[in-house]
Amino acid sequence: MAWVSFDYLRVKWRGLWREAVSREIPHIYRPEVQSPTGCRSHKQSPAPQHTPGKGHKEKDEAYHILIPLQESLFLKVRGIRGTLTLNLKPLTHRQDRQGCPADLQAPSATSSQNNNTKRNIATPHHGERFNPTPIDPKPAAMLSQLRGAPLVAAITSVCSAGFLLFGYDQGVMSGVVISPSWLDAMGHPSDLEIGTITALYDVGAVAGAILAAFTGDPLGRKRTLLLGALLVGIGGLAMGCAAARGTFMVARVVVGVGIGLTTSVTPVYQSEISAHAQRGWQVCCQLTTMLVGLLMAYCINYAFFFHPGEAQWRFPLVFQCVFAVYILAATPFLPDTPRWLLRRHGEEPERGLAVLARLRGKSEDDRQVQKEMNEILGALQAESKAQGSWGDLFRSNGVSAHKRFYLAVAIQFMQQLSGINIVTYYAPTLFRMALGMNQENALLLGCFTQLWYVLASFVTWYTIDRIGRRKLFISMALGMGLVLIGEALATAVGTRTGAITAVVFLFLFEAFFSWGWMACVWIYPPEILPLKIRAKGSALAAAADFIGNWIVVEVTPVGIAKMGWTFYLVWAAFNIANAGIVWLFYPETGGLRLEAIDDVFTKEIETHAAESTSLFRRLQWGRVRVAAEAVRRSKVAARTGEERGLLAEEVDNDYESTPQN
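With the numbering used here applied, the sequence shown corresponds to residues 1 to 661, in that order.
Hints may be right or wrong, so weigh each one.
Within a straight-line C-alpha distance of at most 25 angstroms, the following computed DSS-like cross-link-like pairs (lysine-lysine) qualify [stated by the list, open to error]:
#1 Lys-635 x Lys-471
#2 Lys-562 x Lys-371
#3 Lys-403 x Lys-471
Ranges of calculated distance between the beta carbons of each label pair, as one might list FRET restraints [claimed, not checked]:
#4 Thr-495 x Ala-573: 23 to 29 angstroms
#5 Asp-184 x Ala-573: 40 to 46 angstroms
#6 Thr-247 x Arg-466: 46 to 52 angstroms
Bear in mind the hints are in silico, worked out from the structure with no lab data behind them.
For each residue, glycine too, the CB sits at the ideal point set by N, CA and C.
My request is simple: use the sequences and hints to build the entire structure.
Set out below in structure tokens:
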């Protein structure tokens with residue numbers, strides 16, 4: 001057990017000393033105070049006391065506190081605002097340990113200078129609790145003790161790993177099914193049988209998304225994610241070790257179920273722990289890592305293309321277990337969302353409050369934390385009529401829950417109507433047919449296509465919260481529609497110049513999709529849905545996405561064979577229709593707290609919209625207008641708050657620069 005000394009009161013604020021008072025901590029030694037174990041602190045002067053109206057000159061006295069590293073130190077700081085500097089130093093001198101029990105003494109060190117640590121900690125406002133906790137060096141303990149931005153980053157990383165598995169599994173089979181070794185092991189299946197084996201993944205994903213609707217609320221977001229990662233790990237290992245077609249097919253379904261679980265719950269998990277101003281780009285992290293997983297699968301397939309043998313397909317399939325193991329190892333030490341805790345453990349609201357304070361990196365008494373807590377409780381009260389049952393998906397319950405569910409399902413199905421999977425699945429075929437490339441070069445250019453896809457997705461990190469979901473939906477859908485028209489015309493020309501132009505349009509299409517319909521589609525359902533049906537509604541919306549994906553992939557080969565270049569015009573029309581539907585029906589959610597979105601769908605707003613004589617306003621345009629006004633007010637309030645903070649900081653600086661008598 002090690003001991004540290006805190007030179008705690010060497011803090012001066014506006015020329016006046018302030019006092020720190022310890023609260024009921026075992027083994028804390030104060031000057032001239034007997035400790036519970038009979039030890040005294042080493043010789044020191046008491047901290048200077050503050051006399052109202054009088055300043056004190058800075059002195060060399062320090063207030064030392066001894067505490068085991070394994071325990072937490074809780075201090076209430078009175079009257080300090082700003083930054084508090086703590087100097088931590090293990091006690092290595094004999095006089096520092098004089099009188100302490102031998103089993104509690106720290107081992108001697110050769111040099112105390114190497115053991116000094118300086119830490120700056122933001123102090124709370126007057127009357128708030130401040131709980132600095134020493135971090136245990138063990139990785140598991142470090143995860144369980146994270147607060148604020150590091151904690152949110154840790155949760156984002158496990159959520160992103162779930163989507164990385166999604167992207168990796170989408171791309172890895174493209175190289176597996178052409179491996180001679182895999183074809184031998186599977187008994188040389190026909191093209192129809194290969195298509196069936198590949199499609200089993202989508203069947204499992206739909207089943208997993210529906211399963212998430214049953215597990216998301218009873219088990220919570222965290223445990224559902226763990227269940228999905230466990231199934232992906234088991235299925236990936238079974239596929240990589242499979243010696244027969246039947247085993248491989250069953251394992252493929254298991255992986256699909258796991259992916260359905262993870263992709264359904266991670267957007268909900270991320271949305272419920274993120275601050276409203278950062279929710280968009282943090283979900284974008286997940287979708288970017290999905291593209292990284294897709295790129296990784298293409299690159300691994302290309303690398304093992306030159307290594308004939310069973311490793312050519314077994315290693316890429318087993319490799320996905322690495323990311324599943326990361327989720328299984330890290331997630332148990334992270335908290336579930338405060339909204340789920342408050343709903344499932346309403347009789348113990350302090351549990352949700354404690355997690356909310358950890359996520360925001362503030363004390364439980366902080367005004368912003370209390371405000372957000374009250375908003376969550378208010379939303380739960382407003383949804384008191386709903387029990388979160390399946391029937392509530394189709395009832396209003398005073399918050400238009402059924403209409404919000406329809407919007408969530410429709411937006412994810414509309415994503416597949418954009419035609420993105422036509423472009424991504426058949427890109428190598430386009431390169432080979434249009435540019436005359438061989439299989440190897442077509443695969444290599446496919447890797448560069450995915451790399452461009454990843455790079456383009458980073459733009460959305462910046463735009464999703466600044467521009468908003470609605471504007472990105474509309475503008476990028478129109479852009480994709482125009483690009484597909486150009487793709488059709490360039491393909492119809494039939495020349496090499498036209499083929500090169502078609503490839504350029506392909507790159508533009510992927511950019512427009514990543515900027516508008518990639519991340520926005522996955523974040524919108526958790527935002528638009530009420531809390532009590534959020535897990536079920538988001539899961540069914542994800543199932544609609546997988547079903548749409550399956551339909552598109554099934555009809556595309558037939559459509560290209562029967563219609564040729566005019567097939568692209570069908571998907572161009574879908575994109576233009578998507579833009580019109582979003583313009584009419586979909587309100588903006590970016591910049592609003594999850595609970596504030598409920599206000600857009602209240603019964604009063606619905607009545608106001610129904611009384612309007614405008615056709616568009618009768619078709620929900622009133623809700624869209626009210627949402628736009630709510631977002632505008634939220635941005636003004638945030639900007640006003642920032643200006644007030646800057647003004648307060650300027651006043652503090654002016655005050656500190658004024659000579660104190």
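Right, here's what the structure says about each hint:
1. Lys-635 x Lys-471: Holds, at about 16 angstroms.
2. Lys-562 x Lys-371: violated (59 angstroms)
3. Lys-403 x Lys-471: Holds: Lys-403 and Lys-471 sit about 21 angstroms apart, inside 25 angstroms.
4. Thr-495 x Ala-573: 23 to 29 angstroms: holds (26 angstroms)
5. Asp-184 x Ala-573: 40 to 46 angstroms: holds (44 angstroms)
6. Thr-247 x Arg-466: 46 to 52 angstroms: Given a distance of about 49 angstroms, which is inside 46 to 52 angstroms, the answer is holds.
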